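Participant: Sequence:
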Amino acid sequence: MIPVHSVDEIFEVIRQAKDNDLNLRFFGNTFPCPNGSDRDATVDISPMRALVACDPEKQMVKIEGGMTLLELSEMLKSFNLALEFAGPMPNFTVIDAISLGMIASNTSIADSLEKCEVVLPSGATKEVRWPTEKEDKKAITEGEQRPELSLQSVVSGLGLSGVITSATFKCVPLHTLLENNRRVSLAQFLENWEKMGLASYICASWFALNDTILVTSAFSMRLHLSYKQPVLDKICEAIWMAATSIASALRSWSAWLFPRSAALMSQAHCFCLRNAVRHRTNFCFPVQKFVPLKQHCRGVKWILPSNRKESVLKKLSVWSLEHPELCSSPAEISIQRHARRINSFLSPHTADHTFSIQVDWFHNTCTYFSPELAEFESLLQMHGGRKCWSVGPVSVSPLIGHLYDGFPRWRAAKSSVDRINLFRSAYVDGDLVIHQY
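Under the UniProt record's numbering, think of the first position of the sequence shown as 1, with each following residue one higher.
By construction, these hints were calculated from the structure, which means they are not laboratory data. Just so we're clear, the structure is a prediction, and the values are computed from it rather than from any experiment. Glycine included, C-beta positions come from ideal geometry on N, C-alpha and C. Hints should not be assumed to be uniformly reliable.
As the list claims (entries may be wrong) - If you anchor each label on the Cβ, the simulated ranges turn out as follows:
| id | residue 1 | residue 2 | range |
| --- | --- | --- | --- |
| 1 | Ala-374 | Ser-6 | 42 to 48 Å |
| 2 | Ser-378 | Asp-19 | 43 to 49 Å |
| 3 | Asp-111 | Ala-187 | 30 to 36 Å |
| 4 | Ala-50 | Asp-19 | 27 to 33 Å |
| 5 | Leu-264 | Asp-55 | 53 to 59 Å |
| 6 | Glu-194 | Leu-264 | 21 to 27 Å |
| 7 | Thr-281 | His-5 | 31 to 37 Å |
| 8 | Met-382 | Asp-211 | 35 to 41 Å |
| 9 | Glu-194 | Lys-18 | 53 to 59 Å |
| 10 | Arg-222 | Asn-192 | 23 to 29 Å |
Claimed, not checked - Below, simulated EDC-like cross-link-like pairs (lysine to aspartate or glutamate); rule was C-alpha separation at most 16 Å, straight line:
| id | residue 1 | residue 2 |
| --- | --- | --- |
| 11 | Lys-115 | Asp-211 |
| 12 | Lys-58 | Glu-114 |
| 13 | Lys-115 | Glu-148 |
| 14 | Lys-228 | Asp-211 |
| 15 | Lys-314 | Asp-211 |
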C-alpha cells in the first residue's frame, strides 16, 4: 500500500504507474479493500486530512479527502456547524464515503456535497459539481457520447472516475438530537410510518422472529435546550450493551447448532437491547453516532422505495420464519428523504423517499452465495431494491448495466477520462464492466 500526503505525490504515483504499466486503486483506508491483481497498486490518501477552507456565513466547509467524518464533525463544532446526515454511520474517510455514496439514517452524503476536486488519470485536476436539471435532461435527450465529468460520476463512482483530493460540504447550524425509544410490532410500525417520517431520523432494530421492532426516533434540539444523559444512565446503558453483546454472540452460535432455539435467543437479545436504549430515551446526543467499521461492513444493505415498504417487510417477515437459523439477529431499518433531484449514475436509489434495510444474516461463510441469499436478494430486487455500495465489499455482477439505470452514462463518462483503464476500484470484489456487453 502506498500512502500519499499531497496532490503532487498523487501526480508522481500516476506517472510511475503509467511507466510501469500498472493499475491504481485509490481509497481512504477505512473500507475493507478486496485483493487486487498482481498489476494493481493500492494507494492510501488518508494522510491528506487538512482543513482547506471554512465559511461560517455561507455554512460551507472544504476539507481534504483523507479526513474522517468524525474528525470533520468535531472540527465543525468550533464553527457552530454540523453535517446534515445523521444517525448511526461508519467513520469513513471523506473519499471513501463519497466514492461509495454513503447512505445515512436520514439521507445520503450526496445531499450535503456541493463540489469536489479530483485528479484525473491524465494527471490533470478538475473541479466537479452537480449538473443543473436542465443540463441533465439535455444530456439524456441528446445522448451525449463523451459526457462532461460531474459529481454524477464521482459520487458512488467507486473511485474509478478520479481521485477525490478535496470536497466541499454544505453544513447546517450546530444542534443536538433528542432520542425517543419504543417497542412496536411490525403492523404498528407500518401504520405509523408517515408520522415517523417527521423525525430528524428513524433507526429501527427489527427482530423478525419475535415480531418486535425497537424504534429510535430523533428530533432536533437547540444546544441550550438539550438534556444530557446522566452518568448513572450512561453506566446502565454500558452494562446492558455489554449484556447485548454477550446475548448476540450466544444467539449466533445457538441458532446454527439448535435452530429451534433461534426465536428464544433472539428474544433475549431484544430484551437486553431494549433495556440499553431505555437509558437513552428523552436525552440528547450528537447528530452522528459512529459505529465500528467492522460492525458496519459485516452484512449487506439494500435500499428500496418507501411505497414498497408494506409488501417487502411482510414478505421478509414470512421468509425469516422459514429460515430461523439465519434471521435470529435484528435487521436495521432506516427511513431516508432525499432532497437532491439529480442522482449519481450508480446511485442505488432513484426515489425521493426510501428506506434501507441492513442485515448480517449471511455473514457466516457457510451461507454466503447460498440459495438462501439468492432468495433474499431476489425478493428485494423484485420490489425495486438495489444493494448499497457502502456495506461490503460488494461483488460486482455482470448484469450491473441492468441493475443501475445510469450505468451506461457512468461508463461513458469513465471512458472519456480514462481510456487506458488506469484506475481500478478498491471497493468492489471484481471488475466493473466498462466495455460494451
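Participant: Indicate, hint by hint, whether the structure satisfies it.
Facilitator: For each hint, the structure was consulted:
{"no.": "1", "hint": "Ala-374 to Ser-6: 42 to 48 Å", "result": "46 Å, holds"}
{"no.": "2", "hint": "Ser-378 to Asp-19: 43 to 49 Å", "result": "46 Å, holds"}
{"no.": "3", "hint": "Asp-111 to Ala-187: 30 to 36 Å", "result": "31 Å, holds"}
{"no.": "4", "hint": "Ala-50 to Asp-19: 27 to 33 Å", "result": "29 Å, holds"}
{"no.": "5", "hint": "Leu-264 to Asp-55: 53 to 59 Å", "result": "56 Å, holds"}
{"no.": "6", "hint": "Glu-194 to Leu-264: 21 to 27 Å", "result": "34 Å, violated"}
{"no.": "7", "hint": "Thr-281 to His-5: 31 to 37 Å", "result": "45 Å, violated"}
{"no.": "8", "hint": "Met-382 to Asp-211: 35 to 41 Å", "result": "23 Å, violated"}
{"no.": "9", "hint": "Glu-194 to Lys-18: 53 to 59 Å", "result": "55 Å, holds"}
{"no.": "10", "hint": "Arg-222 to Asn-192: 23 to 29 Å", "result": "26 Å, holds"}
{"no.": "11", "hint": "Lys-115 to Asp-211", "result": "43 Å, violated"}
{"no.": "12", "hint": "Lys-58 to Glu-114", "result": "12 Å, holds"}
{"no.": "13", "hint": "Lys-115 to Glu-148", "result": "14 Å, holds"}
{"no.": "14", "hint": "Lys-228 to Asp-211", "result": "32 Å, violated"}
{"no.": "15", "hint": "Lys-314 to Asp-211", "result": "11 Å, holds"}
Hint compliance for this structure: hints 6, 7, 8, 11 and 14 are not met, and every other hint is.
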